[in-house]
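> This is what each chain is made of:
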Amino acid sequence: MELTINGKQYKVEVEPQMPLLWVLRDELNLTGTKFGCGIAFCGACTVQIDGVATRSCVFPASAAVGKEIKTIEGLSHNETLSKVQQAWVDHQVPQCGYCQSGMIMAIDSLLQTTPSPSAEELETSITNICRCGTYQRVKEAVVSIVESDNIKE
Amino acid sequence: MSKSSKRGKITRRAFIISGSIVGGGLALGLGGIAYSNHKKRLFSGLGFEDAQALNPFIFITSNNKVKLAVARAEMGQGVHHSMAMLAGEELDINPELIEVIHPQVEGPYANINLATEYKRNSSSDGFHLMQKIAYVLPYIATGGSTSVRDGYDHYRIIGAQVREMLKAAAAKKWNTDKDNLLAENGFIIHPDGEKLTYGELAQAASEIEPIDKPVLKSKDEFKWLGKDSKRIDLRSKVNGQAQFGIDVRVPGMKFGAIKHVPIKGARLERIVNASEISNMPGVSKVIQLDNGGVVVADNTWRAKNAANQLKLELEDTEFEKTSSNDLHTEMTGKLEDDMQVVAEKKGKVDTVFKANNKHVEATYEVPYLAHATMEPMNCTMLVEEGKVKVWVGQQAPFLVLNAVSKITGVSKKNIEIYITYLGGGFGRRAEMDWIQETAQVAKEMKGIPVQLVWTREEDMQNDTYRPPAIAKMRALLDEDNNEVTAWEHHNVMQSALRSSIRRNFPIMTPPPSKDVNSSEGAINLPYDFKSSKIGFSLIENPIPVGFWRSVGHSINGFFTESFIDELAHSANADPYEFRRTLLVKSPRHLHVLNKAAELSNWRTPVHEHSAKGIALHESFGSIVAQVIEIGVDGNMVLLDKVTCVIDCGKTVNPNNIEAQMQSGIVYGLTAACLGEITFTNGKIDQANFPTYDILRLKHMPEIVTHIVESDETPGGVGEPGTPPIAAALCNALYAATGQRIRKLPLRLSGFSFS
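Residue numbers (my numbering), protein chains in the order written: chain A, 1008 to 1160; chain B, 1465 to 2218.
If we strip away everything but chain A, and leave its shape as in the complex, we get:
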């Protein structure tokens, strides 16, 4: 099957039901997307499919054919970090960092559809688990993005 990932075409020969997560990690060596629970519960494997935050550990690769898959590796442009990534560094959000690829992809997707989320919108739509407990800084970083966007507008 052919997959479009971060704007590039990839050809893989795998079973159609193989979850996208393992195609990314084991077949294509795109290891930025993480394995956490395998049942779409923790969010560590979050990627975007046509812009929608999707938990790739249960998403069959074949269902992504013909769609735009974006992973953490495709979020920054060359050496320039994306807005969310930069806010994550500015606010020193990650600790161990393992869940942050998924966290960032989920936040990035939320901000595309809801550029100025309320606290409640943020808390109900972001259900990713972080064992290091970086949640407070996640909130602070998102607030800073929203505020700086509002200033620009």
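Don't take every hint at face value.
[To be verified] Residues from chain B shown here face chain A by an in silico Cβ test under 7 angstroms; the list is partial:
#1 M1539
#2 L1698
#3 V1702
#4 G1704
#5 M1838
#6 N2119
#7 Q2126
#8 N2152
#9 F2153
#10 I2158
#11 K2162
#12 I2167
[As the list claims (entries may be wrong)] Dumping the calculated SDA-like pairs for lysine to any residue here, alpha-carbon to alpha-carbon at most 25 angstroms:
#13 B:K1687 to A:V1096
#14 B:K1531 to A:D1097
#15 A:K1146 to B:D2157
#16 B:K1853 to A:E1034
#17 B:K2162 to A:S1132
#18 A:K1146 to B:K1691
#19 B:K1694 to A:V1096
#20 A:K1146 to B:S1700
[Unchecked claim] Just so you have them, the derived chain A footprint on chain B, three or more residues with Cβ under 8 angstroms:
#21 1710-1724
#22 1879-1890
None of these hints come from the bench; they were simulated from the model. The beta-carbon is built from N, C-alpha and C at its ideal position, and this holds for glycine as well.
Given chain A's structure and the hints, the job is docking chain B onto it.
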């Protein structure tokens, strides 16, 4: 300095540094005293081939890049950056420009503070003996919140040493006295303004004999230490480039998955359907281990699907008739017995209790807990003829070296261990069970690199859990309710220390009397009790237990700080004021407590259905007080705000201390509210996050952290945030509802959280 140490010429363990490696006579016996006694010592420099070694820690490339060897596991606590700050400060280079690499398992990098942790206060020879042993082993491990405590002087000295070597090399070049020169931001500067980069001087500096006691900067000269600094590892952690163990990719590698025996302590007799499974697509091999079956395949998904279908036949075991209820009965039964080990005794407690029957008494209980690191256990290994390569995120690589050598039969000097970033550690990765499994698999797959990855279910059901504990607490107040005349605390629990050491280093297994972890946080309390008796009794069972963030403190912090609160209420005293009166001999603790009360507006009443709870606990050299403010609506608890004050002595990176306080609090809150591991008929009941849930963004209280300005010896920060929070929360719940919760998690009492 070895003359052959040019690019490409360094061979494994052939890297000789002459002279003392690090300064002799270091303060507090930190890193290197034993080492400096050796005239020559080998270390490999493996991984630093493109740079000039100035000592075993600091390497500088010709284009002025400073690389620092830090043999401590970066598991989120920011240790790599903290060490870069310490060395960078003295070397005078921005720590954000330093590259940190985890070196091989070699003597110079031993963690003396951790090795001697419980011998530090003894005047016996134990300390010096353990120190020597630590270098020989070499005792390289990350735990007990010791990294900065071990490295605070040590990494500054090695930085200052190199600074002086660079200045001496420049002085030679310019034919001047080195004291005329200045080291600043990566340059040695001549009074005339001429400059040379550290990189330009590195080769010449490596020929200079290091001085043992370089002058260190004074506090007012610090450019980076004690100020907020941005961690060097975070850029790679936001763009997917950071390499965790699970991300290791080696050409030609295969992927393995394991299905463990479900009954604890059971042995695998045979795999019933091994040949059927080995014919599944992509499967290269089915391997039987003592404790489970492994499938090696061409990707993780195929491996885990196949492993999931393995049919395991177990040997019979007694434990399959045992469940959590049985354990509870056994533990409760022991509560009334005499303490097996009395860890602290002051005065005649028994007599005092006998003379007065008005004592306060309570029984507390905490369950098994899983670590549930976000990155499940995994290891990558390549076994070849006479050599082995290991890639793993692990907290005690010297144990890995031993274990891999034993299993593969390859001598330790031919084993290379590459420690990656850890996707969470919390003590789980101080073990090596999954590495031993990988070694057995890689040995069977000789010549082919194999990555063994546990599924979440395997990870949760095969953890080395935080031990369960039940405590009986008794205390007596004097007639004026001002003094605690007697305090008794008896824990019945499993021993994390004995369980862990028995698995990992059997000959060192301590007797129960030397189990320091079961009483830590219960003894040496800052409160002025007139008499006390504190101890524990151990139970044994096949469920493996181990070190879980803050270890005994996570248990005893909850017990002692809840019970102190009960005493306060029984004395009709304000819980904060009550603690104050008991802290007359502990001014540092009192200050931390006062600050937490002040910043949380303790005395300001909160609105209806809200309440505050306070707790104070010292662990790992740091004192932490927390005040939590909650709202209660029926059974719904709103975690509103936590005020956290820490006195951790001299600070390295305040921003990181704040992060660690937040982290420790959230970890402790998840445990207090939700965390419980149980077992039925020898099998762990929980298998994945839905049954072992974790607090999320929506549950989070606002956390405000205050760091006390202090010049005391540095304390730890990775763990001390965890112990007080469960007690603070239950104390707040009592204030709000009048209900005293003595058994965790709170969800068992019907509470839910938002």
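> Hint by hint, note whether the structure agrees.
Checked hints:
no.: 1; hint: M1539; result: holds, 6 angstroms
no.: 2; hint: L1698; result: holds, 5 angstroms
no.: 3; hint: V1702; result: holds, 4 angstroms
no.: 4; hint: G1704; result: holds, 2 angstroms
no.: 5; hint: M1838; result: holds, 4 angstroms
no.: 6; hint: N2119; result: holds, 6 angstroms
no.: 7; hint: Q2126; result: holds, 5 angstroms
no.: 8; hint: N2152; result: holds, 6 angstroms
no.: 9; hint: F2153; result: holds, 5 angstroms
no.: 10; hint: I2158; result: holds, 5 angstroms
no.: 11; hint: K2162; result: holds, 4 angstroms
no.: 12; hint: I2167; result: holds, 6 angstroms
no.: 13; hint: B:K1687 to A:V1096; result: holds, 21 angstroms
no.: 14; hint: B:K1531 to A:D1097; result: holds, 24 angstroms
no.: 15; hint: A:K1146 to B:D2157; result: holds, 21 angstroms
no.: 16; hint: B:K1853 to A:E1034; result: holds, 23 angstroms
no.: 17; hint: B:K2162 to A:S1132; result: holds, 9 angstroms
no.: 18; hint: A:K1146 to B:K1691; result: holds, 23 angstroms
no.: 19; hint: B:K1694 to A:V1096; result: holds, 8 angstroms
no.: 20; hint: A:K1146 to B:S1700; result: holds, 21 angstroms
no.: 21; hint: 1710-1724; result: holds (count 4)
no.: 22; hint: 1879-1890; result: holds (count 6)
Violated hints for the displayed structure: none, as all numbered hints are satisfied.
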